[in-house]
Amino acid sequence: MANELAQGVLLGCYYALIACGLSFMFGVLRIINLAHGSIAVLAAYVVWVIAEHWNVSPFLALGAVVPVMTAAGWLLQRTVLERSLRSGALTPLLSTFGLAIVIDNLLFSKFGADTRSMAPNIGDLAFASWNLPGGVTIGQLALLTAVVAVTLLGGLQLFLARTPLGRAIRATAEDPDTAELVGIDSRKVYAAATAISMVTVAIAGTFLALRATFDPYAGSTQLIFAFEAIVIGGTGSLWGTLIGGIALGVAQNLGSQINPQGFLITGHLVFFAVLAARFFIAGRSPRSMVRALLRTSP
Amino acid sequence: MSLLAVEQLDARHGQLQAVRDVSFAIEEGEILALIGANGAGKTTLLRAVAGAHRIAAGRILFDGGDVSSARANRRVGLGITLVPEGRRLFAGMTVEENLLVGAASGRRGRWNVDAVLEAFPMLRPLVKRRAGDLSGGQQQATAIGRSLMSNPRVLLVDEVSLGLSPVAVEQVYESLQAVIASGATIVLVEQDLGRALRVATRVACMLEGRIVLEARATEVTREEVTEAYFGLKRPRRSGTP
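Residue numbers (our numbering), protein chains in the order written: chain A, 397 to 694; chain B, 199 to 439.
It should be emphasised that the hints constitute simulated quantities derived from the structure, not laboratory data.
Small disclaimer: the values here were computed from a predicted structure and weren't measured.
Hints may contain errors.
One-sided excerpt, in silico: chain B residues whose CB lies under 8 Å from chain A [said to hold, decoys possible]: (1) Val274; (2) Gly275; (3) Pro282; (4) Val299; (5) Ala302; (6) Ser303; (7) Ser348.
Built from N, CA and C at the ideal position, the CB exists for glycine as well.
Chain B with its partners taken away, still in its complex shape:
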């Protein structure tokens, strides 16, 4: 039984169907990189899984249970947490307060403020600073740390590198490696193809709301992914658990 399974999911933005008939599953400890061009439906899919976007059809199964109608906060309590696009930190609160708010679900586990500061050392001198005053990279680290505070079983990370300088991206990914090394299960939306292929165990490419390629990261070439990204090749599904 997969930890997270999405079955024939549809999601809309008004009249626009952003996600069409999407199915995928992820096992415990896997890193699934979800890639695709702007408007491909990645963020909508991730938000639908997190409960932040109402689904039009399909099911979301978590640990065997149907969570399709559960509210976002309830899903966090079950172990599904989203690092939203644009960080969405509580700007008026300090870094420490943002992290503490992340523990609101009360889920117990290895992640607490000390563990987050150990994984993201750049945050240690900033704990008393207002989150709104931080740089993009520091904000992204805080956003990931805040999500880890809920001790998720599946971490959904949307656009890690969006709007960050190359140095900041490098720093955030360095810390994210520590999270990955801890055995976390992650669904990662990423525009940077090379980086996605390096960290992921599996890759899914979305085009116009559909998954057009799904394969193990070790079994797919960069050219194949690029072709799927631009819709130059027919859909391929392999390596699904």
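In isolation and in its complexed conformation, chain A is listed as follows:
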């Protein structure tokens, strides 16, 4: 049981890592980026290509991909999301959904349906673990993933609280019109936020490729787990995302102990239970249900 809990927490940290960018983007731009999972898989492929082609460590390849993803995020905001946002709340959903389809199919046409993994590129780290008292086993890669997730979420939180750009992002997220009136260029802030989000997606995509297999259509599953983690933890809250991810991971692991099929079902059940609780607390009307779903935790 203790081991299952530990594995759940570690898995949850991965979910928090994959959800981090989605949560950040929703918190600032109020966009649910349906291309989030596909972009993570795209980043995984780019890292994989660099690591395979130049025979370098995936972590080194990630270092090369980060500036590219920063630029891609900036470009994505200025060319797609900014225009979509002007046309109402539904258009960004449609445009990011379209973007996901484009990315998935481009990856399929380029790399085919074969599944890949970068586990072989990191040697022992992929399977090495520590055995702790009480039958608890801690995988080194899983622990590294957890450390990266907590560091990334904590770093982002610190960045938002302590830096001028972080404060500008928070101000713009709260009231973009007033932010403009105090001298903040909201377009630049949105573009910066998207760029930051894409960097976190690149990191998450790399860890996806290190810890599991991926294929061109793996993005949608990652998006669902990320979305569930965010809803459980409270949309727009970075620490909430970590808690949501851990809750999801623990639920899935405990569910798999009850029944082999229980892994996914238990996670979805926890997601629906949290959602239903929010609806119940919010007063049950359809409008308040939507409001509860989109509620931002502090």
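For this one, chain A is given, so just place chain B on it according to the hints.
Then chain B, alone, in the frame of chain A:
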């Protein structure tokens, strides 16, 4: 050359023309009080000057340059800053963070967090408090302080006393006097006629989107302003620079 000149400005809210053919100019160091009844177009005019409301016609000149099409954040960078109606603070951020965000334009000058806290001493014990938890007067002081952090050359202040208790209004105006004494150029929208006449060097009265009276504060009587306020007298323009 005037610091700020508005020429034949029109602004609309959909089909409704809120500001009609408005022209005025303000020199460095002047305090222009813009008065008028609810719906007269004062707030729309101020928001248009700040870049928060699209203009339908006319020009806005600042320091000789046409800023009519500049975005609001760009105008703050040039030196035009609005204290918006209803304060519009970032409620989830602390007073200190609100002030620091006000310096986003990077304009240098005498105003920084210490200078604002000196001008608005009521804020000193509240710097770590969430802005959303403050009283109306404290919020207004924070909003003015946040705008001062951009070191504006023209400060546009919309409805200072709106929704505040008399004591809070007194406190805010006391601090605003310190800002005025520093030589600031201010366009002030105010419903309280007596207070507007006391602090302003010039008064402009708006009625149904037009300026119907403009005069030096020392050259106009309260009765004249009251008549213009209610549209009881023909337009008069005097004392313009």
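Hint by hint, here is what the structure shows:
Contact between B:Val274 and chain A, as hinted, is supported at the beta carbon level, the nearest pair being about 4 Å apart and thus within 8 Å. Using the Cβ-Cβ criterion of 8 Å, the hint placing B:Gly275 at the interface with chain A is satisfied: the shortest such distance is roughly 6 Å. The closest approach between the C-beta of B:Pro282 and any C-beta of chain A is roughly 6 Å, which is under the 8 Å cut-off, so the hint is satisfied. Evaluation of the B:Val299 hint against chain A yields a held restraint, the C-beta minimum of about 5 Å falling below 8 Å.
With its C-beta approaching chain A no nearer than about 4 Å, B:Ala302 sits inside the 8 Å limit, and its interface hint holds. A hinted interface residue such as B:Ser303 counts as satisfied when its beta carbon comes closer than 8 Å to some beta carbon of chain A; here the least separation is about 3 Å, so the hint holds. Because the closest C-beta pair between B:Ser348 and chain A is about 5 Å apart, less than 8 Å, the hint holds.
This entry satisfies every hint, going by the numbered hints stated previously.
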